[in-house]
Amino acid sequence: MGGKVTCTLGEVKNRADLVIYWGGNPAECHPRHFTKYALMPKGKFVPNGRKDRTMILVDIRETPSAKAADIFLQIKPTKDFEMITVLRAIIKEQPVDPAIVAEIGLSLEQLRDLADRMKKAKFGVMFFGMGLSMTRGKHMNSAALLTLAAELNAFTKFVAMPMRGHGNVTGGDVIMRWMTGYPFGVNLARGYPRFNPGEFSTIDMLIRGDCDAALILGADPGATMPQPAIDHLARVPTITLDPKVTHTSRISRVHITTAVTGISAPGTAYRMDEIPLPLRPALKSPYPTDEEVLRRIRQKIACKPLQLPPTVPMMTDAE
Amino acid sequence: MRGNSILRIVGGRVYDPANGVDGVVRDLCICDGKIVADVEAGRTIDATGMVVFPGGVDVHTHVAGAALNFARAMIPEDHRRNLAFVRDRIRHGGIGGSTPTTYITGYLYAGQGYTTVNEAAVPILTARHTHEELRDTPIIDKSTCVLMANNEIVLDLLEAGEYERAKEVVGWSIWAAKAYGVKAVNPGGVTAWKWGKDVKGFREPVPGYSKVTPADIVSSLAKIVDELRLPHAVHLHCNNLGAPGNVATTLETMKALEGSRAHLAHLQYHAYGGDDWTNFRSESVRIAEEFNRNPNLTTDAGAVLFGNTVTITADGPWQHLLHKLTGRKWGNIDVENETGCGVVPYVYKEKNLVNAVQWAVGLELLLLIDDPWRIYLTTDHPNGAAFWRYPEIIRLLMDLDFRREQIRKLAPAALNRIFLPELNRCYTLYEIAIITSAGPARALGLANKGNLGVGADADVAVFNNDKDAAKMFSYPRYVIKGGEIVIEEGEIRNTVEGKGLLVRPHYDPSVEDFIRPLFEKHYTMSFDNYPVELERVEHAEVRPCN
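Here the protein sequences come in this chain order: A and B.
For the first sequence, our numbering begins at 19 and goes up steadily by one.
For the second sequence, our numbering begins at 33 and goes up steadily by one.
It should be emphasised that the hints constitute simulated quantities derived from the structure, not laboratory data.
Using N, Cα and C, we set each Cβ at its ideal position, and we do this for glycine too.
Heads up, some of the hints might be wrong.
[What the hints assert, rightly or not] Some but not every residue of chain A turned toward chain B, in silico, with C-beta under 10 Å:
{"#": "1", "residue": "Gly20"}
{"#": "2", "residue": "Gly28"}
{"#": "3", "residue": "Arg130"}
{"#": "4", "residue": "Pro201"}
Please take these sequences and the hints and turn them into a complete structure.
Written out as structure tokens, the structure reads:
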């Protein structure tokens, strides 16, 4: 399988009567998600707001988000994939192995009840967080959940959406797609884009020591990446563009302070549902914008000889 | 953008249907980005023995925006089996294939002599994204159509019988999206899809409404577009796309459009007979006959070529069905209060009866519709095939022997479901110049495009006069955009920037007081962030409505 069955957040606001959060803690990580989009708002077809919606939380521990849930399903760590697979079987009225159900940490009745609610919903949505997508199984967990959402459309309207964060990470993903065809993990060394997560994704490149310079923009890998990756950043010339001095700045050869996008620099941010929002600066900044710094770096690089053989083919096999 | 080169193209055989010029050897002079009567100095291009066309115009394509970009992420396997483009001093790197990256889209269109395209499906809510992508699409000029036929503010107004106010909302929305025209996709059907349903009958109420029907939406939008005096008619993707027996819906739609202008998009997908997939057959003859009788209509072929592609449409319910039929991966985005979109990768196979019929129907319509000024070459890119395969279709239209050879490859069972083997018409170069350039430019109301007369934009394609039309139209010798040579000897020499074409229809600005509270109630962003600022459109050219 593959693909994604999703919607913009306004569809959730106007229609969703069953809201499931899976492996995420929006009460602390996306504090406006309940009130602006998913739970509290009165919508066109859910006129009573919260009263017209059922919220189910699936997680391995009771986080503050559980207080907002009508039903909290606490499952055993790393059993998300099994739970999704059992749900897919129940929905298709296939037999399930009680031994696997026992591993999940829920009763068969609880799972049947959940499947039943999913099928009976008028408009169901699953929001999934890093508790699903970054734990054992990783993209297989996400794929299973997206497949479950797609399959539920045989019975009712159902969608799924990742709970993305970190500022404008969605914007980066969107632009990479229109520039290179791929969302991340892209290597441009041959003069055209190649995609291979695990080989060309940032952490893997750094740990293997494949790059001999780094430009860090709007991120702080020095605080979040594994130590071997950080060690390599410290080893090579690293340039960091950031409005403030970060952990990464401290291991960089160069730190350039830039204006804060959205406060003193204009632009576009893409929301987690890929809606573009214009940013209008309210204040002036003494610092240049990221865009201006990058443009000036690019101008300087353009003066240097092109790092490609003089007779490159115009086209080549994309593999 | 307007170039400042001075050029004289000498000795070429000129095909300029907008001015009735049919293969006359004459010089073409260019100055300041326009065709002029004569030039004194400048560079001379010797086009002796070559064929000179106005730059191609694509009336219906999907090259930018949220839906296409969603598809790009979904099909890395397609990117890998296609060509990649290597960067150099003047060119960006990127990927070709079914959903070329933005820069490559510009290079590929220009690389086959096309200089203007119409991106046919833009939601207001994500129009900012579409324009950002179009800024990164070089060389070609770009117009867009904004999706209105499932906009719930408009539908609620039509339900309440408030036609006049609906017209104001449409006018406001066109300007908000910085669009050029109005697109209607499966009117009412995408709204129904928000509950997992589709519309049932053309004259039955849309699910969720008690009065308004697809027929009402179609005829109201056509009338609104005419009354707003938009240069391009309502751009309509009819109900029931792709379904066996949809010929009935298409004929009914033509009837509902009497008295208005309309452009029927990708007609191939709407000309099928039969009751189910087992007796699926071509109904191109009935469609073409009715179409020929209705001079208010224009259309584009939406032709299909065999091979791999990805289907992308705002028609959400159809894409769910296609996913169920094929078992291929499925992408879907419902856009709040406005529209939806679905993405399913697809392979058209010669030996598949349904695909064989689809392949034939596209060609049949091009051959049966007698006025080339009213039907244009498209594949509904990327749905029927990628746009860079247009030259293959041109060859099928011009070369009867080649066409017969291809028909022989179909499964014999397909032959009694199609009309193509009986059609002997062959397109002339003059007619090819109409369906690829002069015709679509006229349908879009772009008098300065698809035209080599004095004063027109200097968008010109010069081809070798090759017997193999596919080869001829795949590799132009020269392409001139806005007076600048962009392709020379098959190489990209210059990557000029294109214009963004849009209109500002007349509407009562106070309609904003009506829209704002509804928006604040039903949407999830600030109303002031909704309309796209004009500065966001690169080299914007606001075209007149009259």
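Less than 10 Å between beta-carbons is the criterion; does A:Gly28 satisfy it with respect to chain B?
holds, 3 Å
Double-check A:Arg130 for me: the hint is only fine if its C-beta lies closer than 10 Å to a C-beta in chain B.
violated, 22 Å
Can the hint on A:Gly20 be confirmed by a CB-to-CB distance to chain B that is less than 10 Å?
holds, 4 Å
Hint status (Cβ of A:Pro201 to nearest Cβ of chain B, threshold 10 Å):
holds, 5 Å
The structure shown violates just one earlier hint, number 3.
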